[in-house]
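Protein sequence lines, in the order shown, are assigned to chains A and B.
Mapping the first sequence onto our numbering, position 409 (from 1) lands on 409, and the numbers just tick up by one.
With positions in the second sequence counted from 1, the corresponding number in our numbering is that position plus 1000.
It is worth saying that the hints were derived from the structure and are not from the lab.
Note that the structure is a prediction, hence the values are computed from the model and not measured.
Errors might be hidden in some of the hints.
Partial list, derived from the structure: chain A residues whose beta carbon lies under 8 Å from chain B [stated by the list, open to error]:
| id | residue |
| --- | --- |
| 1 | 23 |
| 2 | 93 |
| 3 | 99 |
Residues of chain B clear of chain A, computed beta-carbon distances all greater than 10 Å [what the hints assert, rightly or not]:
| id | residue |
| --- | --- |
| 4 | 1012 |
| 5 | 1015 |
| 6 | 1024 |
| 7 | 1034 |
| 8 | 1041 |
| 9 | 1050 |
| 10 | 1051 |
| 11 | 1058 |
| 12 | 1061 |
| 13 | 1069 |
| 14 | 1075 |
| 15 | 1102 |
| 16 | 1109 |
| 17 | 1116 |
Quick partial rundown of chain A residues pointing at chain B, CB under 8 Å, derived from the structure [as the list claims (entries may be wrong)]:
| id | residue |
| --- | --- |
| 18 | 106 |
| 19 | 107 |
| 20 | 119 |
| 21 | 120 |
| 22 | 124 |
| 23 | 269 |
Glycine included, each C-beta is placed from N, C-alpha and C at the ideal position.
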Amino acid sequence: MRAVVWNGPHDVRVERVKDPEILNPQDAIVRVTATAICGSDMHLYNGFMPTMKPGDILGHEFMGIIEETGPEVRKVRAGDRVAVPFNIACGACEPCLREQWALCDNTNPNAEIAERLYGYSAAGLFGYSHMFGGYSGGQAEYVRVPFADVGCLPIPEGVDDERALFLTDIFPTGYMAAENCDIKSGDIIAVWGCGPVGQFAIRSAYLLGAERVIAIDRIPERLEMARAGGAQTVHFDEVNVLDALFEMTGGRGSDACIDCVGMEAHGRTPDAVIDKVKQSARLELDRAHVLRLAIQACGKGGTLSVPGVYGGFIDKMPFGAVFEKGLQLRTGQTHTHRYMRPLLERIRRGEVDPSFIITHHGTLDDAPKYFDLMAKHEDNFVKSFLRPQAFTQGEVSHYGRERQELTQGRR
Amino acid sequence: MNQRNTAFSLFAAGAAAGLTLTYMTRSTRARLRKPIALAMTMVVPRESVERFIESRERMLIALGSKRRFNQIDRLEVHDAPGNRGTEIYLAMRGAGKYEIKEVLRRVKALLEAGEIPTGRRYAS
């Protein structure tokens, strides 16, 4: 089959690789009908996420049709059209039973690496480094989905791929970020980063009853998209963000701040410059400029919600401000499984159409080009929607041929 | 020339003796050290855990090799507080912290999830 393969920083290629196969009894093989490049894939592309190996298949946002299931898969079957959350959960451990699916105890076979770094490991992730399990990702024609009964969400016929695909990550991620703010009537929410997660955080904050959302970025088309979602916008290169927020919130500060940027924040203040230098010299993993700003901008007793990805140890952190203002810090990988069904219902009811985020349609072959566009913020790129060739051209892969031969042989 | 060879031989012999001594000291210390006990909580009834550890066949899957049966120094099962499942305590002679954790993790995965997850990649 063909897949998007990571060969090193800024070196992503579409290559022929071996087809996936059932390895465990609860696995399924999914023929990918739609996939996308996530903002967090850029951390891999830029080489900031440790434990990537050349040859790794990328992609954690994908959906498709189940081709084959292991002997212990009961709830889904071949032919089902499903969306698959980016994190892998067993459904049986304590975190899964508490619906904290992203913290599953059992799905990271390389938990040791994460434990050495973080004390405990989160769940395994598709296509997101060996620290999170080394699972091959979904920017491919086929993908192996472990614990298929737990992860695969059947998508009804009335919901097309363009609207269903983003249930696998960015929509739930934006929604959880907003939900973590415990939004009350009259609340003003500041959202840093108007990329895909930021856009969904803006819309989710309104769905959850926010009075006003202020979106902060510097890319005009993203700010425009945020305005289309109802947000007031701040261009961080044009004004002092803290002063602007102070004024826009009547001096109270934001009731909650959402950092949708994560480890590759841009800025021109000394802390941002030092971060940039240290990250370039591999002395620091995260450029946390936005996190620092968000802490400063948060009003007293406010909430700081962090869906943006951070990986290591952050310095110059104004933790005194967190303490003195009594801020709540809510963060973590998204418990995607928890949100997929209710958000699918919202899509079905027409409350949200996630396809507004797509700016570039393409095939798997376009992935390297799109990675590059995304990294350079060119061509008004916000979000891709990729169709694998096997789907678009009706091509039957080696895997498909084998299956056909097997089926014909059985007949 | 001869003097140079002798000096080199003496240096090589000294280095080899130093390495051997270091290795012997470390391995003796490791043998004498009290094995580390590690614990993990599984969301399954105590009886299931007891059945599992009594089954040599299933324990073999968790341990990875027969040799490891002899390394087990302590294997205890307790009820976790607040109906949170069952705690397993495991100490193994001559095994590092992460080796023991790996065994516990496999026991936990088999008991809770029914299989040991693998991220084995299929990319060439």
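Please list, smallest to largest, the hint numbers that this structure does not respect.
Result: hints 3, 8, 15, 16, 17, 20, 21 and 23 break, sorted rising.
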